[in-house]
Structure formats: C-alpha cells, structure tokens
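Line by line, the protein sequences give chains A and B.
Per the working numbering, numbering through the first sequence is continuous, rising by one, with the last residue being 127.
Per the working numbering, numbering through the second sequence is continuous, rising by one, with the last residue being 127.
Keep in mind that the hints are not guaranteed to be accurate.
Copies of the same chain look alike in the list, so a pair counts if it fits in one copy or across any two.
Unchecked claim - Okay, derived cross-link-like pairs now, DSS-like style, lysine-lysine, Cα gap no bigger than 30 Å in a straight line: (1) K8 to K33; (2) K57 to K33; (3) K9 to K57.
Just so you know, the hints here were simulated from the structure itself, not pulled from any lab data.
Remember, predicted model here, so these are calculated numbers, not experimental data.
Here is how the chains run, residue by residue.
2 protein chains.
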Amino acid sequence: MDEGKKALYHARARVLKALAHPTRLWMVEKLAQGEHCVCELLETVDADFSTVSKHLSVLKQAGIVDVQKRGKQMFYRLKVPCVLEFMGCIEAVLAGGAQDRPDAPGMTTPGKACRRCGQGEKEL
Amino acid sequence: MDEGKKALYHARARVLKALAHPTRLWMVEKLAQGEHCVCELLETVDADFSTVSKHLSVLKQAGIVDVQKRGKQMFYRLKVPCVLEFMGCIEAVLAGGAQDRPDAPGMTTPGKACRRCGQGEKEL
DNA sequence: TTCTTATTTGGCTATTTAACCAAATGACCG
DNA sequence: CGGTCATTTGGTTAAATAGCCAAATAAGAA
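Construct the entire structure; sequences and hints are all you get.
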C-alpha cells in the first residue's frame with residue numbers, strides 16, 4: 004500500500020472517528036434539524052459545557068459541521084447532511100445484517116490454498 | 004435523554020468506531036470483493052498477524068463481517084455491504100462539504116436569545 | 001470600564017485503543 | 001502421535017480519547 008493510499012484511508016478513518024461517539028452522533032442529528040448554539044445542545048446532552056464544546060470542535064475539525072459566530076453565541080450547523088444516511092445502514096448492522104441486498108459475493112480466489120501464504124497476488 | 008435512547012446512540016457509535024480505523028476500512032473494502040482468509044488480508048496490510056486478526060475480530064463483534072472456518076483457515080466476508088456506501092459521503096466531507104444537497108436548513112429557533120440558556124424546549 | 005453571558009482552552013486523570021511479541025489453540029498431514 | 005500451518009489470545013507498553021474543573025477569551029450590557 005503506497006503512501007498516498009495510506010493517507011487516504013487515514014483521512015477517511017478520521018472522519019468516521021469523529022462520528023463514532025454517542026454524544027456527537029446525537030448532536031449531528033440535532034444539527035440536521037437546523038443550526039443550534041452550544042448552550043441549546045448542552046440542554047439535551049447531560050455533560051459539561053466544556054465537554055460539549057470539545058465534541059463540537061471534533062466535528063468541526065473533521066469537516067462535518069460548520070460554525071458561525073453571531074453576537075456572543077456560536078451557531079453550529081451540519082455542513083455535510085449525507086452523514087445522516089449512515090444511520091439506516093448502521094441499523095442494519097445492529098439488526099444483525101438483515102440486508103436489502105442479500106447477494107453476497109463469493110470468493111474471488113476460490114480454491115486458494117494459502118500455503119506459504121503470500122505467493123499469489125501481492126498488493127492488490 | 005432516556006436510557007433507551009442513550010443505549011441506541013451508544014450502539015450506533017460502537018458500529019462506527021469499529022469502522023473508524025484505516026486498516027479496518029481497507030479490509031472492509033477488500034472483503035467487499037469477496038471473502039478472504041486472514042493471511043490474504045495480511046499480505047496487503049503491513050502489520051503483524053495478530054494485529055490483523057484483532058482488527059477482524061473488532062469488525063466481527065460489531066456485526067460488520069462474518070467468519071466461517073474451512074479447513075485450517077478462517078474466511079471473512081462482508082456481512083453488511085451497505086457500509087461501502089459511506090465512502091461517497093466521507094469523500095464529500097474530505098472535499099470540504101461540497102454537497103449534492105446544498106439546501107441547508109436554517110435555524111429551527113430563529114431568534115432564540117439563549118439568555119439563561121435553558122428555558123425553552125427541554126429534552127427534545 | 002466593569003459585569004455577565006457564551007464558549008473555548010489548558011491541565012489532569014481514568015479509560016480505551018493499537019501494536020507488537022510470545023504462547024496457546026485447532027486442524028490437517030505424515 | 002508429533003509437526004506444521006493458520007489463527008487467536010494474553011501480556012505489555014505507548015498513545016489517543018473522554019470527562020471534569022478551573023482559567024482564559026470575546027461580546028454585549030450596565
């Protein structure tokens with residue numbers, strides 16, 4: 004795996020990691036309804052002010068939310084609404100993989116013995 | 004936020020966390036092409052055998068992949084292919100939020116002053 | 001300017017995660 | 001059975017993450 008590819012997967016993982024927290028997931032859904040200031044989110048979350056702020060900062064750094072200052076408040080909004088579409092699939096995972104597309108692909112290398120595992124294709 | 008809701012978001016976050024690692028993301032895409040044994044995945048990954056095995060175990064526990072033992076090999080396959088659909092959106096995030104759906108919703112609570120921040124709606 | 005409100009930053013500690021190595025298990029082969 | 005292959009488990013350590021508290025900003029309001 005070359006460096007560029009590695010960097011790509013790291014970047015993708017970073018985005019997912021930003022989403023991979025219950026509170027942040029909740030806030031993302033909240034922000035999907037429209038922008039909210041930190042204190043509004045705080046009301047619904049049961050955590051410290053600074054904790055909420057840090058979660059929002061994680062989402063912002065990942066590029067998932069945007070922030071705009073108005074007066075003394077910071078208004079956060081969902082920048083990339085398509086992340087909401089993840090939820091359906093996540094529910095499918097939680098439901099045990101009940102898939103709408105049950106045509107699972109078979110083996111690509113059907114009878115591969117894997118003896119001295121590493122002679123077939125390399126870096127595919 | 005009641006306990007049930009909290010548990011739901013925790014569960015969702017757990018699934019995302021399982022995906023939120025460059026190596027695991029890579030392996031998921033690899034398994035999307037068809038099932039593979041651990042040693043096949045190992046070839047493409049540049050990590051210890053045990054490391055790869057543990058990553059796979061994380062994916063399995065999350066319910067994202069399935070495993071089947073045949074002979075002395077363990078064959079992993081993608082159980083829930085819809086996770087692949089995340090990638091498009093992740094790219095959009097990385098591209099800076101260039102969205103196909105640019106109709107961002109506005110404020111839900113337009114002029115809310117948020118003074119003594121916590122008198123409006125509670126637990127919504 | 002001083003006070004208050006809204007939010008971020010900077011520690012600090014506890015928990016989780018990742019990676020490697022070494023040892024254990026499980027299945028086939030001779 | 002004893003060996004070897006494929007994989008998992010356990011142990012250890014380093015690094016990342018999450019949470020809270022307290023202090024620092026930033027913007028009005030008095």
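Taking the hints in turn, this is what the structure says about them:
| no. | hint | in the structure |
| --- | --- | --- |
| 1 | K8 to K33 | between (34 Å within a copy, 14 Å between copies) |
| 2 | K57 to K33 | within (16 Å within a copy, 34 Å between copies) |
| 3 | K9 to K57 | both (27 Å within a copy, 19 Å between copies) |
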